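Asker: Sequence:
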Amino acid sequence: AVIDGTGKLSMECILETRAVTILEFIQGLHGSLSLTFEEGTSAAWLHDLLKPHVRELQL
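Counted from 1, the sequence shown has number 4 at position 4 by my numbering; the numbering is strictly sequential.
If you're looking for bench data, these hints aren't it; they were derived computationally from the structure. Mixed in with the good hints, there may be bad ones.
[To be verified] Below 25 Å or equal to it, Euclidean Cα-Cα: the simulated DMTMM-like pairs (lysine to aspartate or glutamate) are:
| hint | residue 1 | residue 2 |
| --- | --- | --- |
| 1 | 8 | 56 |
| 2 | 8 | 24 |
| 3 | 51 | 38 |
| 4 | 51 | 12 |
| 5 | 51 | 39 |
| 6 | 8 | 38 |
| 7 | 51 | 24 |
| 8 | 51 | 16 |
| 9 | 51 | 4 |
This structure is a prediction, so every number in the text was calculated from the model and none was measured.
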């Protein structure tokens, strides 16, 4: 889900677990991005993939 600065839901989608798909989605968003996701089997991979593309990243 994408939440705007006021806390309003602005987008919701399901993505393939592929680097190119996730990066295309992130690069299509505008503004300062903060990302939060749950720890799990893909957490380290997601962290390494997305850290260079967002302002803040939290697990």
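Asker: Now tell me if each hint is right for this structure.
Answerer: Status of the hints after comparison with the structure:
no.	hint	in the structure
1	8 / 56	19 Å, holds
2	8 / 24	23 Å, holds
3	51 / 38	15 Å, holds
4	51 / 12	21 Å, holds
5	51 / 39	15 Å, holds
6	8 / 38	20 Å, holds
7	51 / 24	14 Å, holds
8	51 / 16	19 Å, holds
9	51 / 4	19 Å, holds
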